[in-house]
Amino acid sequence: MKEDRGATSSSSPPAAGAGGSGSTALPLLPRSINPGQRQRFFSIGAKLGVAVVMVVTLASVLAFLFSAARERDALVLAKQQSSDMVADLFAESLRAPLDFGDADAVQVELQHLKQNHDLLFAGVWHAGDPKPMGTLNREQERHRGQVMADLIEVSRQVKGGDGQVIGHAKLQFSLQRENEAYTASRLRLLLLCLAVAIGTVGVLLTVTRTQVVGPVDSLIAAVRQLERGEREVKVAVTHHDEIGRLARGVEAMGSAIRDREDRLAEALGSLRELFDHMRQAIVVFDSTGSVVGAQSNEARKVFGLEVLEGAQIRDLIYPGRGGWDAELKAFDDWLSLVFDARAEDFGELLALAPPEVRLPGPGHDRVLSLEFRPIEGRGVIQRVMLLATDETEKRQLAESMLAQGQSHARQMAAMQRLVAGGGQQFVQFLRGARERLMQALALCHGRTLVSLGDFTECFGHVHTLRGEARVYGLEELAVDLETLEARLSELRAQALARPTDEVKLGSLDIEKSLERAQQLLDEAERLFVAASPIGRAVLEQVTVHRRDLDELCRLSAAQGGQLASLAERLSARSLGELVAPFADRTARWAESVNKRARLEVEGREALVPERLARVLSGTLTHLLRNAVAHGIEAPDERERHGKPAVGVVTVGAAAPPGELATLIYVEDDGVGVEGNPLLERARQREAPLSPEDADSGSFRQAQPTSETELSGRGMGLSAVLRDLAAFDFVLRVGKSASGGARFEIARKAAVSARISA
Amino acid sequence: MSSSLTPEPNDPGRVVVVDDSWTILEQIRLCLAERGYDVRTTTSPDVAVRLLRGADLTIIDFHMPGINGTELVQMLRSAQTVESTCLFYLYTSDRDEAARYLTHGFDGAFLKKGDEAALVPQVEAVFRTVRMRRLTQKIRKNRVDSAL
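Protein sequences appear in the order of chains A and B. With numbering that gives the first Met the number 0, letter number 249 in the first sequence gets 248, and the count goes up by one each step, no holes. With numbering that gives the first Met the number 0, letter number 119 in the second sequence gets 118, and the count goes up by one each step, no holes.
No lab work stands behind these hints: they were computed from the structure. Careful: at least some of the hints might be erroneous.
With a straight-line cut-off of 30 Å between C-alpha atoms, the simulated DSSO-like cross-links for lysine-lysine are [what the hints assert, rightly or not]:
#: 1; chain 1: A; residue 1: Lys511; chain 2: B; residue 2: Lys111
#: 2; chain 1: B; residue 1: Lys137; chain 2: A; residue 2: Lys393
#: 3; chain 1: A; residue 1: Lys328; chain 2: A; residue 2: Lys300
#: 4; chain 1: A; residue 1: Lys169; chain 2: A; residue 2: Lys78
#: 5; chain 1: A; residue 1: Lys300; chain 2: B; residue 2: Lys111
#: 6; chain 1: A; residue 1: Lys300; chain 2: A; residue 2: Lys393
#: 7; chain 1: A; residue 1: Lys46; chain 2: A; residue 2: Lys233
#: 8; chain 1: A; residue 1: Lys747; chain 2: A; residue 2: Lys734
#: 9; chain 1: A; residue 1: Lys169; chain 2: A; residue 2: Lys130
#: 10; chain 1: A; residue 1: Lys393; chain 2: A; residue 2: Lys328
#: 11; chain 1: A; residue 1: Lys734; chain 2: A; residue 2: Lys642
#: 12; chain 1: A; residue 1: Lys78; chain 2: A; residue 2: Lys158
#: 13; chain 1: A; residue 1: Lys328; chain 2: B; residue 2: Lys137
#: 14; chain 1: A; residue 1: Lys393; chain 2: B; residue 2: Lys140
#: 15; chain 1: A; residue 1: Lys328; chain 2: B; residue 2: Lys111
#: 16; chain 1: A; residue 1: Lys169; chain 2: A; residue 2: Lys158
#: 17; chain 1: A; residue 1: Lys46; chain 2: A; residue 2: Lys113
#: 18; chain 1: A; residue 1: Lys78; chain 2: A; residue 2: Lys113
Whole structure, please, built from the sequences with the hints as guidance.
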């Protein structure tokens, strides 16, 4: 049995394992030769032997019988001839005695016959006389045929001189000697036949053995070698006959198989190389979910197993998952469906296969994207090939993009995301979490024993808080609370083991943990405020419907007074919120003209009146582009003047406490307005820029060298001034503290008042 | 992500989530609604009973004030109509709790509570199961029809 299995075992060349087909390869020799399923085996030698013995024995027996009969016939014939001769002579010698009736002479003749030892009886009769004239009787006269089994009888008439019968004689000769000779020769014949038969059988068997059975055995051994996958097959037959030709044929077949195997192995090798160089882990599984056939190197690496064959695919892609797991359940369902499906249902089923899976790994989970391909046969799925691609690095890269910088920055980014996604939820969480912590603290403050009810409530708060903290990415808080939860769980278990309804808190560590959680919450709040474009105002903000607000403004405007100003404040928007979209844009604009600039905001919580907010975006666009195009110098020039390479553009607001902003400014640390006569004149006379100035063309002529794609053609400023004027705002130009340009947006009334003052 | 991950456009799966924290509910709602699911959330068991109609999946927190997951799932199952095929999943971070999902009366459990990256594939897997059930019924019906 061993060598039969050998063809498919791992020790065989790669061809045996190719696509798992090796396991189903047909054996070269019929199974009936296998001892395991043995049917009665008859060797050709034995069959020939039996046949030869039978034929030779039959031939010998026939030859013996034939020869024996011939031998006896020959003996009897010779005896008969000699008997005839003796009878003729005897009849001749009786003529005279019978002619004369001389009984004595007859008797003398009879006595002469005595010399013949084979003579059994002799009698002489005178013609006409039934009584014999004389007899010679060794035994009783027997009346038998002429030739009997043991004697020969010869009769002769005796004639006289005239030719008349004068008597007759009868002689009987014993065949005993002949019979003895015949018996002796029959035995010899028998022995000879036997010897010939045995000799023939021996010769035939030897010839069969050496010329047929032996070579055939060698052929069988060679075929077995081939079956085992041995590479060098030499048949030990040197005959130059049909079997010799067969042997050479088997050898040729062996080398042909070897050739084909080599080519197959080579093809398989290239395939495997291709397989192994693919970044996909490839495994094939059958309807029982077991992995079959060859797997790629990557598969062994990804699934962390040296031998994948025979492993269950569900254990490979969902290791350590319990029966509760939805993904495992779905995969099991899919597996049972897919092998039962018809070809037309494949498409739909493949869409229901898991698209990816997370494998727990050391340190972090690994993400594999999965692709299933059916291997069809006879209209059903025979096997399924899984191509799994490790996407971990890709994901990590994406994650590390987010996680660049330090933990503070990371948290900041998380907070910014929170703010972007509607910070009010987080504010609500902060408020709710504080309440929970307060309640939990109140329940265990200064106590070493609490009732089970209070304890459970406290536990519930901690549990919920932990979940919420994780939701908002407050990892440190979540980990702290998880530890606390574990501790509480322990205490509850201890309490439940006792008959009392109270829980022993022991030391004050729980209270301390809760206090620390409060501190972490404060820290989170600080970060959140820092991340918010509108600062602390984010904590106070609520969302209302614009329609309701407009309605309120409309109604209150008619009434005037405190209500109107409250409505105006309600509809106002914070500067930070309005400026936030420009932070990135400013940097990009600068990059587009090979400069570097960043935007800073001062007073981001300041409230911008709703009317101004409507046009502020356009105004800021113009002023910021202008600052980048004409104010900020190229990095090398800045460095020559001893300035940092990155220019700073600042947007700020001035507002009396609790009031709306009265002034919004945009300043830069660039070249200032000295090179621009229009702006310089306007700066010197401290008068606001008028749309007419901007339209006059002098503004444009004033900056002939800086007509870049950013700065436009002067029409932007004109439009901005008109927009501002429509809402009673004006734009002034001045000099920033750092020597750059400063533009101020202010109420017309306030500016006029100052000028007149 | 391939198109198979998102629910079928004409039939977005409906998910009901019951938890005592609105924050967690909101997170789950945002996260699942983003992927096209019709998400209904509540902190109240009574409301959960009403939301159950037409739901494919109900996700339940275990520790809730006044009622625990086992009691809630029993209550919901008894309120379930005959034709409802809603699956009930426990949402927890406790592996041992998850392992007792059958005892608690759930169809399964989602682990790693609060981890969106872990929740989404689990919910998607449940909806694959739901769609596989529908597909199986369709295939069976087709086979019976063609046999007739």
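Structure-based check of all given hints:
1. This hinted pair checks out: Lys511(A) and Lys111(B) have alpha carbons roughly 27 Å apart, not beyond 30 Å.
2. As the CA atoms of Lys137(B) and Lys393(A) are separated by approximately 39 Å, the hinted pair breaks the 30 Å bound.
3. A C-alpha spacing of about 25 Å is found between Lys328(A) and Lys300(A), which places the hinted pair at or below 30 Å, so the restraint holds.
4. For the proposed pair Lys169(A) and Lys78(A), the alpha carbon gap of about 16 Å is at most 30 Å, so the pair holds.
5. Taken as a hint, the Lys300(A) and Lys111(B) pair is honoured in the structure, with Cα atoms around 26 Å apart against an allowance of 30 Å.
6. Distance check on the hinted pair: Lys300(A) and Lys393(A) sit about 18 Å apart at the alpha-carbon level, within 30 Å; holds.
7. About 28 Å separates the Cα atoms of Lys46(A) and Lys233(A), which keeps this hinted pair within 30 Å; it holds.
8. Between Lys747(A) and Lys734(A) the alpha-carbon distance is near 20 Å, which keeps this suggested pair within the 30 Å criterion.
9. Our distance criterion of 30 Å between C-alpha atoms is met by Lys169(A) and Lys130(A), whose separation comes to about 13 Å.
10. For a cut-off of 30 Å, the pair hint linking Lys393(A) to Lys328(A) stands: about 28 Å separates their Cα positions.
11. Annotation: proposed proximity of Lys734(A) to Lys642(A) holds, straight-line Cα distance about 17 Å (limit 30 Å).
12. For the hint linking Lys78(A) to Lys158(A), the alpha-carbon distance of about 25 Å falls within 30 Å, and the restraint holds.
13. The straight-line distance between the Cα atoms of Lys328(A) and Lys137(B) is roughly 20 Å, inside the 30 Å bound, and the hint therefore holds.
14. Our distance criterion of 30 Å between C-alpha atoms is broken by Lys393(A) and Lys140(B), whose separation comes to about 43 Å.
15. Distance hint between Lys328(A) and Lys111(B) is fulfilled; the C-alpha atoms sit about 17 Å from each other, no more than 30 Å.
16. Distance check on the hinted pair: Lys169(A) and Lys158(A) sit about 14 Å apart at the alpha-carbon level, within 30 Å; holds.
17. With a C-alpha separation of about 62 Å, the suggested pairing of Lys46(A) with Lys113(A) is violated against the 30 Å cut-off.
18. Proposed proximity of Lys78(A) and Lys113(A) is supported: the alpha carbons are some 17 Å apart, at most 30 Å.
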